[in-house]
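A.B. asks: Spelled out from the first residue to the last, the chains are:
2 protein chains.
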Amino acid sequence: MKKHNFSAGPSILPQEVFQKASEAILDFNGIGLSLLEISHRSKDFVAVMDEARAIVKRLMNLGDDYEVLYLQGGASLQFLMVPYNLLSVDGKAAYTNTGTWASGAIKEAKMIGNVDVVASSKESNYNYIPKDFTVGSEYDYFHCTSNNTIFGTQMKSFPKVDTLLVCDMSSDIFSRQLDFSQFDLIYAGAQKNMGPAGATLVVVKKSILGKTRRQIPTYLDYAVHIDKESMSNTPPVFAVYASYLTLKHLEENGGIAAAEAKNNAKAKLLYDEIDNNPNFQGVAAVEDRSFMNVTFTLTDESKQEAFDTAWKAAGISGLNGHRSVGGYRASIYNAMPIESVQVLVDVMKSI
Amino acid sequence: MKKHNFSAGPSILPQEVFQKASEAILDFNGIGLSLLEISHRSKDFVAVMDEARAIVKRLMNLGDDYEVLYLQGGASLQFLMVPYNLLSVDGKAAYTNTGTWASGAIKEAKMIGNVDVVASSKESNYNYIPKDFTVGSEYDYFHCTSNNTIFGTQMKSFPKVDTLLVCDMSSDIFSRQLDFSQFDLIYAGAQKNMGPAGATLVVVKKSILGKTRRQIPTYLDYAVHIDKESMSNTPPVFAVYASYLTLKHLEENGGIAAAEAKNNAKAKLLYDEIDNNPNFQGVAAVEDRSFMNVTFTLTDESKQEAFDTAWKAAGISGLNGHRSVGGYRASIYNAMPIESVQVLVDVMKSI
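Protein chains in written order, with my numbering: chain A, 692 to 1042; chain B, 692 to 1042.
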């Protein structure tokens, strides 16, 4: 039976990526060796790394003032690297607290320096995106999370701030057209729209670095990774290759514009059902609804068993909500076909 | 033509690992989904992580006082995590400087606290292992590198020190029988004997943690990863799975004892040729020769073109020495068959 994978991450990727990644493990580029056994400094892999970095800039329409890095440690290590690299010894940073991962970022930054939380939706279990705040030039940077995977909220626009704009885009990167040049630093764990777990993307405007008067440990220093072109130490070869395949697939299939159109259609299909079906209700504030992670609950808990049985029988997996929200979460990342969303909607109609 | 892959790392792994890893990318455990698209908290992957951790303890014959972690960032990030977790605010650490990576470890530790380099072979381009030193209880820990990939030296025994014994085993872990209980902390980038790039193994005696009076950033804190069973954030799923396959293969084929016997035979075959063939000479001091990375040079540089042509024609790859040593380096990790070493020896005899 066909599977419909609504997992929040690691998550669905294009089938073509699985096929090509699987082949490369047996024989990479026809060289008679596995991708897993070649030097990261071999010309075949250096070409992959170079192109993986170049595609990001093309997709984001960014110029030479930005650098692209593939690192390890996930967004969690970026929570630490961002303040190490951008928060000056006597400065302060502004953060919004829009969920579990934003809280994690705030916690790490506070270990490094001074942090003000300028807005938070914690008091309502993060079911909306706070918008009523300003950030002045007294801050070294402003940090936000574009999409909150657990709670199903998404920033539809980004505030104009009088400082650097830093964004954790782990769960909605490459899902919609944005003016990426408004950001000074973007980071993302790969394991949603851009690859399997094990690689972390950082896109950084080079001119913002080197200003904190801090001694930065080598692995945590963006400047080191820029200088070594993401080869300061052995990179996560397979994860970078699979990310390269994923981004190449995106580029060859209409880029972010085409992905956004598909994502809008999928989100509309599912949210319309949530709004029109009396058995369901959405969790997030309507204007802040995520187009990647759709959180919803049953209005009548007595229907839970019937619903759970029905979606499992339809081949759907990964639909259980996160424990801090409950209910259901349908993650409909770039690679999710609208046909799978229709299967879910049909199940919702059936109970 | 059959390839003979002498790459220093990422490096050769068992063919069975490539086969199974390739299959799992198309369909993992017969669940109808790719290994790359499932949640790291799914029961199928949690079972992999649990078993990957358990195999390490079985292979090393370690008890419940040790914890096994799979992290990211390579040995390079361990250079930072070790002092963050073990070097107390007013304490000092002892390091030996036996090569490029040992130097990297020393550099990071010095950013965190006080470090004494108690022995070094830098003055002779790291061609031997210094042995004439003691380490007293005034140190929080002693750090050494068991095998120096670039220079081809290996510690044949470990000093008795009056403090914690910490070892970077990246390039010879699981290659020989040791009393692993003599170590308090072992770490290794996976990309030699235990898997592809992208995962980092840490084996740590739990009782040594929590004594530095330092605030440790979350991702850098071993205690956090122990508490979350290596799932503090999304682990590098594929790299952990491939490491699990590699260690399972080792365990099912006689464990470390059988690997050691094979490695000894391979090393003897190659070093005997280096010593008996007047065209070649070894780089490392004889008593410190690595059984993983065999470094050698031509005695007559005019034969270089003939030798290079001959080994390439024989299907050999990855034989060029590191730029800081020159000459040649044959990396003969666990997965390297003795037949491939024989091919190299035959080429050496032929010129």
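Check each hint, because a few of them may be wrong.
Note that the list lumps identical chains together, so a pair holds whenever it fits in one copy or between two copies.
[Unchecked claim] Straight line, CA to CA, 27 Å or less: simulated DSSO-like cross-link-like pairs of lysine-lysine:
#1 K711 with K694
#2 K896 with K711
#3 K711 with K783
#4 K694 with K734
#5 K902 with K798
#6 K919 with K813
#7 K1003 with K748
#8 K897 with K1003
#9 K734 with K693
#10 K813 with K748
#11 K822 with K801
#12 K711 with K939
#13 K847 with K953
#14 K711 with K693
To be clear, the hints were calculated from the coordinates, so they are not data collected in a lab. Keep in mind the model is a prediction, meaning the values are calculated, not measured.
A.B. asks: Going through the numbered hints above, which ones does this structure break? Give me the numbers in ascending order.
C.D. replies: Of the numbered hints given earlier, those the structure breaks are 2, 3, 7, 8 and 10, listed in rising order.
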